[in-house]
Amino acid sequence: MNYISIQDINSLSKWVKSALKIKKNPLKNQELGKNKTLGMLFFNPSLRTRLSTQKAAINLGMNVMVMNFTNEGWTLEFEDGAIMDSGASEHIKEAAEVVSQYCDIIAIRAFAGLADKEKDYAETVISGFLKYATVPIVNMESAVRHPMQSLADAITMEEYKTKHKPKVVLSWAPHPKALPQAVANSFVEMMQMQKDMDFVITHPEGYELSPEITKDCKIEYDQNKAFENADFVYVKNWSNFKDYGKVTNTDPNWTVTAEKMALTNNGKFMHCLPVRRNVIVSDEVLDGENSIVIQQANNRTYSAQLVLQKILKKL
Amino acid sequence: MNYISIQDINSLSKWVKSALKIKKNPLKNQELGKNKTLGMLFFNPSLRTRLSTQKAAINLGMNVMVMNFTNEGWTLEFEDGAIMDSGASEHIKEAAEVVSQYCDIIAIRAFAGLADKEKDYAETVISGFLKYATVPIVNMESAVRHPMQSLADAITMEEYKTKHKPKVVLSWAPHPKALPQAVANSFVEMMQMQKDMDFVITHPEGYELSPEITKDCKIEYDQNKAFENADFVYVKNWSNFKDYGKVTNTDPNWTVTAEKMALTNNGKFMHCLPVRRNVIVSDEVLDGENSIVIQQANNRTYSAQLVLQKILKKL
Amino acid sequence: MNYISIQDINSLSKWVKSALKIKKNPLKNQELGKNKTLGMLFFNPSLRTRLSTQKAAINLGMNVMVMNFTNEGWTLEFEDGAIMDSGASEHIKEAAEVVSQYCDIIAIRAFAGLADKEKDYAETVISGFLKYATVPIVNMESAVRHPMQSLADAITMEEYKTKHKPKVVLSWAPHPKALPQAVANSFVEMMQMQKDMDFVITHPEGYELSPEITKDCKIEYDQNKAFENADFVYVKNWSNFKDYGKVTNTDPNWTVTAEKMALTNNGKFMHCLPVRRNVIVSDEVLDGENSIVIQQANNRTYSAQLVLQKILKKL
Numbered sequence: 001m002n003y004i005s006i007q008d009i010n011s012l013s014k015w016v017k018s019a020l021k022i023k024k025n026p027l028k029n030q031e032l033g034k035n036k037t038l039g040m041l042f043f044n045p046s047l048r049t050r051l052s053t054q055k056a057a058i059n060l061g062m063n064v065m066v067m068n069f070t071n072e073g074w075t076l077e078f079e080d081g082a083i084m085d086s087g088a089s090e091h092i093k094e095a096a097e098v099v100s101q102y103c104d105i106i107a108i109r110a111f112a113g114l115a116d117k118e119k120d121y122a123e124t125v126i127s128g129f130l131k132y133a134t135v136p137i138v139n140m141e142s143a144v145r146h147p148m149q150s151l152a153d154a155i156t157m158e159e160y161k162t163k164h165k166p167k168v169v170l171s172w173a174p175h176p177k178a179l180p181q182a183v184a185n186s187f188v189e190m191m192q193m194q195k196d197m198d199f200v201i202t203h204p205e206g207y208e209l210s211p212e213i214t215k216d217c218k219i220e221y222d223q224n225k226a227f228e229n230a231d232f233v234y235v236k237n238w239s240n241f242k243d244y245g246k247v248t249n250t251d252p253n254w255t256v257t258a259e260k261m262a263l264t265n266n267g268k269f270m271h272c273l274p275v276r277r278n279v280i281v282s283d284e285v286l287d288g289e290n291s292i293v294i295q296q297a298n299n300r301t302y303s304a305q306l307v308l309q310k311i312l313k314k315l
Numbered sequence: 001m002n003y004i005s006i007q008d009i010n011s012l013s014k015w016v017k018s019a020l021k022i023k024k025n026p027l028k029n030q031e032l033g034k035n036k037t038l039g040m041l042f043f044n045p046s047l048r049t050r051l052s053t054q055k056a057a058i059n060l061g062m063n064v065m066v067m068n069f070t071n072e073g074w075t076l077e078f079e080d081g082a083i084m085d086s087g088a089s090e091h092i093k094e095a096a097e098v099v100s101q102y103c104d105i106i107a108i109r110a111f112a113g114l115a116d117k118e119k120d121y122a123e124t125v126i127s128g129f130l131k132y133a134t135v136p137i138v139n140m141e142s143a144v145r146h147p148m149q150s151l152a153d154a155i156t157m158e159e160y161k162t163k164h165k166p167k168v169v170l171s172w173a174p175h176p177k178a179l180p181q182a183v184a185n186s187f188v189e190m191m192q193m194q195k196d197m198d199f200v201i202t203h204p205e206g207y208e209l210s211p212e213i214t215k216d217c218k219i220e221y222d223q224n225k226a227f228e229n230a231d232f233v234y235v236k237n238w239s240n241f242k243d244y245g246k247v248t249n250t251d252p253n254w255t256v257t258a259e260k261m262a263l264t265n266n267g268k269f270m271h272c273l274p275v276r277r278n279v280i281v282s283d284e285v286l287d288g289e290n291s292i293v294i295q296q297a298n299n300r301t302y303s304a305q306l307v308l309q310k311i312l313k314k315l
Numbered sequence: 001m002n003y004i005s006i007q008d009i010n011s012l013s014k015w016v017k018s019a020l021k022i023k024k025n026p027l028k029n030q031e032l033g034k035n036k037t038l039g040m041l042f043f044n045p046s047l048r049t050r051l052s053t054q055k056a057a058i059n060l061g062m063n064v065m066v067m068n069f070t071n072e073g074w075t076l077e078f079e080d081g082a083i084m085d086s087g088a089s090e091h092i093k094e095a096a097e098v099v100s101q102y103c104d105i106i107a108i109r110a111f112a113g114l115a116d117k118e119k120d121y122a123e124t125v126i127s128g129f130l131k132y133a134t135v136p137i138v139n140m141e142s143a144v145r146h147p148m149q150s151l152a153d154a155i156t157m158e159e160y161k162t163k164h165k166p167k168v169v170l171s172w173a174p175h176p177k178a179l180p181q182a183v184a185n186s187f188v189e190m191m192q193m194q195k196d197m198d199f200v201i202t203h204p205e206g207y208e209l210s211p212e213i214t215k216d217c218k219i220e221y222d223q224n225k226a227f228e229n230a231d232f233v234y235v236k237n238w239s240n241f242k243d244y245g246k247v248t249n250t251d252p253n254w255t256v257t258a259e260k261m262a263l264t265n266n267g268k269f270m271h272c273l274p275v276r277r278n279v280i281v282s283d284e285v286l287d288g289e290n291s292i293v294i295q296q297a298n299n300r301t302y303s304a305q306l307v308l309q310k311i312l313k314k315l
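Residue numbers (full-length UniProt numbering), protein chains in the order written: chain S, 1 to 315; chain P, 1 to 315; chain F, 1 to 315.
The set of hints was computed from the structure by calculation and includes no laboratory data.
Owing to the predicted nature of the structure, the values given are computational and were not obtained by experimental measurement.
One or more of the hints may lead you astray.
[Unchecked claim] Cut-off 20 angstroms, straight-line C-alpha distance, at most; resulting in silico cross-link-like pairs (PhoX-like, lysine-lysine):
| no. | chain 1 | residue 1 | chain 2 | residue 2 |
| --- | --- | --- | --- | --- |
| 1 | P | Lys28 | F | Lys36 |
| 2 | F | Lys14 | F | Lys225 |
| 3 | S | Lys36 | F | Lys313 |
| 4 | F | Lys34 | P | Lys24 |
| 5 | P | Lys23 | F | Lys313 |
| 6 | S | Lys131 | F | Lys36 |
| 7 | P | Lys195 | P | Lys161 |
| 8 | P | Lys177 | P | Lys246 |
| 9 | F | Lys14 | S | Lys36 |
| 10 | S | Lys218 | S | Lys14 |
| 11 | P | Lys36 | F | Lys17 |
| 12 | S | Lys24 | P | Lys161 |
Could you put together the complete structure from these sequences and hints?
Encoded structure:
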């Protein structure tokens, strides 16, 4: 069993229930991971994902080994048949096969490069590990997806929803740098698995996510209209998908403010963090009592722990 | 309970006694830290502090998670109300609150920038964590203080003192690079808590530490005179406090040599390390039998372990 | 007991047998390392060595502390009597003595600089630690040697040999960058301890390894002739020893191909990894059924575990 995409979840509602059980008693399964080793491979920086996944593994009694590829100056080749006479010193085939021998589970972070859409959306790194590793693979944010985040988001919404069929808005917001679409993509995929939620995506025209991800999700270009009666507002910047990886819009009118939140149904504010204050969202909203970003980050531990626990049980 | 400054110690003599007890039997409290996690956050490099604090945590049965902010390219915003449209990608508020959820204790290293005296002496980083974290904070060297070092220094002096009221000299020595005042500051604050020690600070004129730190400590600008009959000579470079963060003096006459040590009462040589040989101190002194720098470094483990143990008992 | 060179092994055949026993039951000695700490110091990047050595320590129940000197910007001075007024901030003497107090075993990686043959072959870094550390030292690849790799190589050959006296070839192959001679050197030293193996080294003229290492080993400048009837082909690039640290030959005719392997006695292909595909060796050979590079990497864990186990038993 791997955990690459939110679609690796057979029943989202059951998973969410299981995660909330883990949250009540996180040390219950300390024997499960005994003498099992989690290898955490980082091709990009990480704070929340690094610490929460490590904490989850510790809660399960696992050993953790961390490898920072970027800091180590270690680059991998992903092309089959490459003549490796420059650049990368090792092919993904050897790296994945070798690391599999030292670890029981491998967790990987490898962001989109945002230069080559096809390469990014082919999920070169995580696919390479999936192809060549001989142990389960966990996605700690790949080029296209961040499914441990989205599972944590689902857990958080379950905790904070106040009615049977809440309205959930995914809103784009401005950001000075080009960011991947991974968090938004996985959130959309997770929402498509929710049975009793109304979901709408709002962003400036031209900022459409991949249609293969959004499928028939409702898109509303008027942010104010989208926010009306929302129970959850999930905010995230992403760079342009069509004009790939470019920042073509930094319109401050899309910043989430108290005025905009006033349009909602006393809606909760969510963001995966890190968040740029007064760019993505105003201090007033982020520090307000309807902001649940800290609780959301806390659920990263239980999201990761559920994933590791499911995999450990199948080892 | 936090450990930010040596002034967080209620009774220095009792703490020193407790640390010496720990040193005799460091594994006695292995159950105390079971299932507790220490998060170590480094905004600057560390060798001794990193390894000794980690070792202390291990001795107490704790789990340790390490995050290197500098290497990760992760910078934090500390200003309230900042419009975060450039530079830092995360505010201390979120970072501190989030990491608090994954750790039972957070230890932080964040040196003085030496560019802005007010900002440094406001202890921006450690104060930010104190303000927003929801778990105890331990100072692994902040802009202004290094209280785990000073506690280790007190332990070491207790072990090596040969008379009731020893004379202790804190001596500046030259160094090619601008160094923070933190070690000297905390040493001064620790000496102010010592009941039976004569204390004198010696440095070139113009190299006064903050008067808010040194208060009424005796200052002697003649290094030779200061060394007379000293039982302990604690040597440390610091950059100029008045002409803030500048190196305005590299006078090799301040290097500690055997001739100077001959003026002391068979005095012990101390330094927090790392030390530049034949700049701060001559090989002869550092390698001599009165040098106790290695023993001093060893006590870093027991200093850290005492601090963690005190905090764990109050969790 | 230290493990610096393959010559620290008293009986290679006994060590290989012990390692194969460990491989069958790697968790048998989990009590041996309890409350013992391995300090892993990296002056250079590492993937296999880092993870396999850490895994070995975990298998033995040890605690592991990792310090990356390069990433931390920490450089050491190795010269006695140096006036340290620029460059390195700490002398090996203090660093080694201090770290010895926090660790029960210190493992070190410090590659050849390839600029100064005398300095490299004096093994400045590892010798400095040997001189000043007060705990056992393990070599995770020094300027001249990589004995944990060579022990893994011996274990692997024992597993895959099909006749009493196999023929083993060490073959140079081209590489775009200047690489150390350490792996080749240690392999040669290990082969000199093998009783029942025919050994030949092949490389272009001018690419002779240190004669103090190769002694009276057979050298064959014709790669094809060397490969004839070989049972194991161990391939590795190294930079020029005479014209020290230079790449004076990148002749693609030395790349190991299926045609060349056809000259062998159904020979196994070995390489320590990372390996540059289609430069050192063709895909066809590396992916072929006679390639045992992955199994070889797996044995790194048992090689390291045997070394640590031997040291732990003598602590």
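For this structure, which hints from the list above don't hold up? 2, 3, 5, 6, 9, 10, 11 and 12
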